[in-house]
Amino acid sequence: MINSEETIGKVFAGLRDAEASPGLERRILAAIEERTSQRPAASPRWVWSVALACMIAACLFLAITTLRRHGQTTTQAQHSTVPTDTLSADGPEKDTQVASLLPHEPIAPARTIAPARETPAVSAADALLLREMRAPSHPAPEAPLTKEEQLLLRAVHTGDPQVMAMLDPEERARQEAASEAEFQKFIEQSGGDNE
Amino acid sequence: MASVEGGSLVLFSTEVAQPEVDVTALVETYSRLLFRVVHSVLRSQAEAEDVVQDVFVRVIERHRSLQSIRDMRVWLVRIAWNLALDRRRRIWPMQMDESFAESLVANTAPADERLVEAQRIKAVLREMERLPKSERHVLLLSAIEDLGTAEMAKVVGRSESAVRALLFRARTRLRERLEARGGER
Chain A
1 MINSEETIGK VFAGLRDAEA SPGLERRILA AIEERTSQRP AASPRWVWSV ALACMIAACL
61 FLAITTLRRH GQTTTQAQHS TVPTDTLSAD GPEKDTQVAS LLPHEPIAPA RTIAPARETP
121 AVSAADALLL REMRAPSHPA PEAPLTKEEQ LLLRAVHTGD PQVMAMLDPE ERARQEAASE
181 AEFQKFIEQS GGDNE
Chain B
1001 MASVEGGSLV LFSTEVAQPE VDVTALVETY SRLLFRVVHS VLRSQAEAED VVQDVFVRVI
1061 ERHRSLQSIR DMRVWLVRIA WNLALDRRRR IWPMQMDESF AESLVANTAP ADERLVEAQR
1121 IKAVLREMER LPKSERHVLL LSAIEDLGTA EMAKVVGRSE SAVRALLFRA RTRLRERLEA
1181 RGGER
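Chains as they are written, first to last, in the numbering used here: chain A, 1 to 195; chain B, 1001 to 1185.
To be clear, the hints were calculated from the coordinates, so they are not data collected in a lab. These numbers come from a predicted model, not from an experiment. Certain hints may be false.
Cut-off 27 angstroms, straight-line C-alpha distance, at most; resulting in silico cross-link-like pairs (BS3-like, lysine-lysine) [to be verified]:
| no. | chain 1 | residue 1 | chain 2 | residue 2 |
| --- | --- | --- | --- | --- |
| 1 | B | K1133 | B | K1122 |
| 2 | A | K10 | B | K1133 |
| 3 | B | K1122 | A | K10 |
| 4 | B | K1154 | B | K1133 |
Simulated restraints, written as ranges between beta carbons of each label pair [to be verified]:
| no. | chain 1 | residue 1 | chain 2 | residue 2 | range |
| --- | --- | --- | --- | --- | --- |
| 5 | A | W46 | B | S1068 | 22 to 30 angstroms |
| 6 | A | N3 | B | I1091 | 26 to 34 angstroms |
| 7 | A | R35 | B | Q1067 | 19 to 27 angstroms |
| 8 | B | R1062 | A | W48 | 15 to 23 angstroms |
| 9 | B | R1070 | A | N3 | 39 to 47 angstroms |
| 10 | A | E33 | B | P1132 | 38 to 46 angstroms |
Glycine included, C-beta positions come from ideal geometry on N, C-alpha and C.
If we strip away everything but chain A, and leave its shape as in the complex, we get:
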């Protein structure tokens, strides 16, 4: 009893008299100062508003710039699909001849291709090819049969008169009746020969 009371009292005294190591306050203040120096200073509300407005403006600027750049890239891609080196390899005279042979309206001037842009003038051959490229597509015209196709057709459709006649019902009935009569006649003849 006495021992437990004494021990409890000793534990409580130990808890009551616990002392921190010297310089606790100094360490705490140093830690606070370090923390406050690391923490960014609080900004007033108008600073945040201005920052937000700047961010929105920057986003708009980026979006507009991207759209413009995308438009320019598309136009350049359309121009780059026509290899001008290979097209005009035969010379401008050949191109002009080809253009005159085609049953299309006259070649449109180059500025109609990209009227809104300040692009260099497109040559006539380029314009023709561009117009051909942009023209609506049509189904291919009906071509004549080749020699092999004609031979094949002839082999299938022989045009035999007997075969053709069988396709007619009256002719077929007449043929069948004749065949029947011929058969009866053969039977009768063969019966008389047996007797």
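Mind docking chain B on chain A? Use the hints.
Okay, now just chain B, sitting in the frame of chain A:
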């Protein structure tokens, strides 16, 4: 924003250039009390100092609301108390109890007596930990003898009469259990 003027750390508001709170005064006034409060839970000097430092760092993070606090002493003790309980859940307290018990034994006594005494102290600490939580908390807060019943009631969130009742029950239960342990031996 913090500045050191004449050896004291003062927190300023950025909008109003008035000193809000003298942190140095707070540290000098309350750090020892907070240390004892935290130490009663953790029984480790290093851990207790760490938690006290954490208390003041949290205080400066809320320095805008400091002026609205009525009882700074109880408010700080509550922060320290809650941080200490949180820290105790995350550490292994038995080793700290052992070193605390050994620190309480007189060095002048013979080795065998010191061993027996250390075991008795450890048994008391163990039985304290086995008490119901509310009783244990009130017992630990009363052990440091710095807080009155009203302050303890605010810290643990109970009424003063409840704190007195809990304290009575805790002491009685602790004594009975220690006697029962002594009788078993």
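Okay, the hints, checked on the actual structure:
1. With a CA separation close to 19 angstroms, the supplied pair K1133(B) and K1122(B) stays within the 27 angstroms bound.
2. Pair hint K10(A) plus K1133(B) holds up; C-alpha atoms about 22 angstroms apart against a cutoff of 27 angstroms.
3. Taking the CA atoms of K1122(B) and K10(A), the gap is near 11 angstroms; set against the 27 angstroms cutoff, the hint holds.
4. Between K1154(B) and K1133(B), the direct Cα distance comes to roughly 16 angstroms. Compliance with the 27 angstroms bound is thereby established for this hinted pair.
5. As the Cβ distance of W46(A) to S1068(B) is approximately 25 angstroms, the hint placing it in 22 to 30 angstroms holds.
6. The hinted range of 26 to 34 angstroms is satisfied by N3(A) and I1091(B), whose Cβ atoms lie roughly 30 angstroms apart.
7. The hint said 19 to 27 angstroms for the Cβ distance between R35(A) and Q1067(B), and at roughly 20 angstroms that hint holds.
8. Against the hinted window of 15 to 23 angstroms, the Cβ-Cβ separation of R1062(B) and W48(A) comes to about 21 angstroms, which satisfies the hint.
9. For R1070(B) paired with N3(A), a C-beta distance near 44 angstroms keeps the hint of 39 to 47 angstroms intact.
10. At about 42 angstroms, the beta-carbon gap between E33(A) and P1132(B) stays in the expected band of 38 to 46 angstroms.
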